[in-house]
Amino acid sequence: MIGKGPWREMPKASSFAEREFQVCIAARLVEDGKAYWVAGGGGPMYSVLLAKRLYTPDVVYVAEDGVVGAEPILPFDPVMTLAAARPSYRALMWTNMNAIGDQSAVGYLDYGVLNALQIDPYGNINSTWLGAYPSEGRRVNGPGGADTIAAVCRRLVLMTDHQRRKFAPKVDFISSPGYLDGTPGARRRAGLAADAGPYAVVTNWAVFDFEPASHHLRLRAIAPFVTLDQVLAEMGFKPRLPESLDAIEVLDPPTEEELHIFRTEMDAQGQFTDAAPRWVTREKDRWVMVEKEGRSGGTPAFI
Amino acid sequence: MAAKSLQILEEGHGEYLRVDPDGFRASVGRKDRRMRPKLVSVAEAISKFVADGDYLVWETNYLQRGPAALLREVMRQQKQRLWVCGKFTWVAVALLTEAGCCDRADMGFFVGGPAVTRAVLEKRLTIYEYSNLVLTARLRAGAMGASFIPVRSLGGTDGFKYSGAKLIEDPFTGEPTVVVPALNPDVALIHVHQADEYGNARAFGTNISDVEAALASRKVIISAEEIIGTEEFRHNPGLTKIPYYVVDAVVHRPFGSYPGECPGRYASDTAHVVEVFGAVSLDRIKNYLDKWVFGVKSEEQMLAERVGPARLLELERRATVIAEGYRP
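Each protein sequence line maps, in turn, to chains A and B. My numbering puts the first residue of the first sequence at 1, with every later residue one more than the last. My numbering puts the first residue of the second sequence at 1001, with every later residue one more than the last.
No wet-lab data here; the hints were simulated from the structure. Some clues are possibly wrong.
Said to hold, decoys possible - Within a straight-line C-alpha distance of at most 25 angstroms, the following computed BS3-like cross-link-like pairs (lysine-lysine) qualify: (1) A:Lys170 with B:Lys1161; (2) B:Lys1286 with B:Lys1297; (3) B:Lys1161 with A:Lys166; (4) A:Lys238 with A:Lys12; (5) B:Lys1241 with B:Lys1031; (6) B:Lys1004 with B:Lys1031.
What the hints assert, rightly or not - Example chain B residues on the side facing chain A (calculated, C-beta under 10 angstroms, incomplete): (7) Val1116; (8) Phe1148; (9) Leu1154; (10) Gly1260; (11) Pro1263.
Computed from a predicted structure; not experimentally measured. Backbone N, C-alpha and C define an ideal beta-carbon position, used for all residues, glycine too.
Model the full structure from these sequences, guided by the hints.
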């Protein structure tokens, strides 16, 4: 599903953060000539910006505060990745949230890209509460605009860290809809558009899609620095697998160009990468994972 | 003969602000349509137009063009039992909660953290679950004089169950359709670039649903970076976002969005933004409020003593990089 692209022939990096890898993979999934609704900042926005810069110049994206087709000034200030002047720079249009909502509702917005705190086998997303709502546990941010992005963008790409607690058999709270219980017509019965829904999940270790008949998460590709067993062990449920395991694609590492642009223009101060500072380095014929404190130090952990 | 009742397939059981379009029209009927000067101070605006128990709406506070000065004054005056609209808010709900000002919130997006969790678990704060766009749709319905509006999201989520939404059989297509109640807040707090003393207001750049919120709210407080003459509005009427007769109070408040940005005028104070985010995430809101809200008597004192003229000048300089589109 990642398919072939210019990155195939480009010089590959031999040392990168897992999060950088994730952004590069998500960038390679971006489809040219389509309209994207990108949530907030972080991975979703970086992946679309990186793709637009390198692979898909005819992509246009909107932000929920009413920005259409910006040419943002990079890098962004901390926190100021949405509803701020730098990300809104040189837009084609400034409007408001209801206008973006209208564009999405009538179907102009082809793809949504979101970060997900917790997802289930049918691509339902929790960003509201961890634990037993609302009597036990912890309040998190709420869906923001994600509920609408997930409801109406034709194809939804989700980004999350590859951790067992992120892939739950049942999310603690459905904040934004995936395929709900996965049964045919579930979205329509709930009043949602039937021609929209989760399309892919990109983690720092793997890429998934959704099996058409069952709407269940399905593994499609893994990073070159992990094994299939590792990928499955760090999930709270088992994804569907292709009939032949050989059909699981091994993803290309980031290219030097992708990383250069990401590091100098986007994550210039390392804030994004340092939030989950696990790095991967090529040593002779194998990949080594290194837990870093910020951009230096740490203890190597061999895989 | 087929039943004539509207088919309700499912409904959320979240409390919602009473839907009363006729009552809202009556309150609009009592507003003065004359062009009368409405300039007041931050303190007077909040004291006169925000009452305990009111429903408050604002947006993007501490991010972009938020009514930061007005919200700090709400906390300083210790308003009680507010019900707040969390459409694209950021840290404000956590601050208001820890300051003891609000006990109900309709949620779209906000930074959660320990203080909000504690307030929810101790039942000092009840949250009703929507999303940014669903809340702006509710405001749009409120601004239309309607009692509800269909939306193409919220269905199928757990938020639906804790909201005032209903899933109905659409009387036109027969398809399941989510409808949400109109929202007519008591007070809208809106910060703009320019206003005249009567309340005609201009804001540049994007917004979430400021204009809908102004039209949908019973009382509207505008704070403005700059007070300009009415003649300027007449020279370029297309720039007017909110007409004067919607507005109850006008406050001249330079740096009224601080520490957020007011694009074209000043950039966000990055250090402050990081400080407040840390305070919300790490349960140190009380320290933050003591320093920035309760520890100063006024916005003027906060800007002069806590921020300082050199810093303000630097924020203004940083904003000159991007002025295009944010000036008349």
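Each hint, compared with the structure:
Annotation: proposed proximity of Lys170 of chain A to Lys1161 of chain B holds, straight-line Cα distance about 17 angstroms (limit 25 angstroms). The hinted pair formed by Lys1286 of chain B and Lys1297 of chain B meets the criterion: a straight-line CA distance of about 17 angstroms does not exceed 25 angstroms. About 23 angstroms separates the Cα atoms of Lys1161 of chain B and Lys166 of chain A, which keeps this hinted pair within 25 angstroms; it holds. The suggested pairing of Lys238 of chain A with Lys12 of chain A is violated, with an alpha-carbon distance near 31 angstroms, which exceeds 25 angstroms.
Using a Cα cut-off of 25 angstroms, the hinted pair Lys1241 of chain B and Lys1031 of chain B holds, with the two alpha carbons roughly 19 angstroms apart. In summary, the hint linking Lys1004 of chain B to Lys1031 of chain B is not supported, as the alpha carbons are separated by about 39 angstroms, beyond the 25 angstroms threshold. Interface hint status for Val1116 of chain B: upheld, as the beta-carbon distance to the closest one in chain A is roughly 5 angstroms, under 10 angstroms. For Phe1148 of chain B, the interface hint is violated, the least distance from its beta-carbon to any beta-carbon of chain A being 14 angstroms, above 10 angstroms.
Interface hint at Leu1154 of chain B: satisfied, since its Cβ lies 6 angstroms from the closest Cβ of chain A, which is below the 10 angstroms cut-off. For Gly1260 of chain B, the interface hint holds, since its Cβ comes within 10 angstroms of a Cβ in chain A; the closest pair sits about 9 angstroms apart. About 4 angstroms separates the beta-carbon of Pro1263 of chain B from the nearest beta-carbon of chain A, less than 10 angstroms, and the hint is met.
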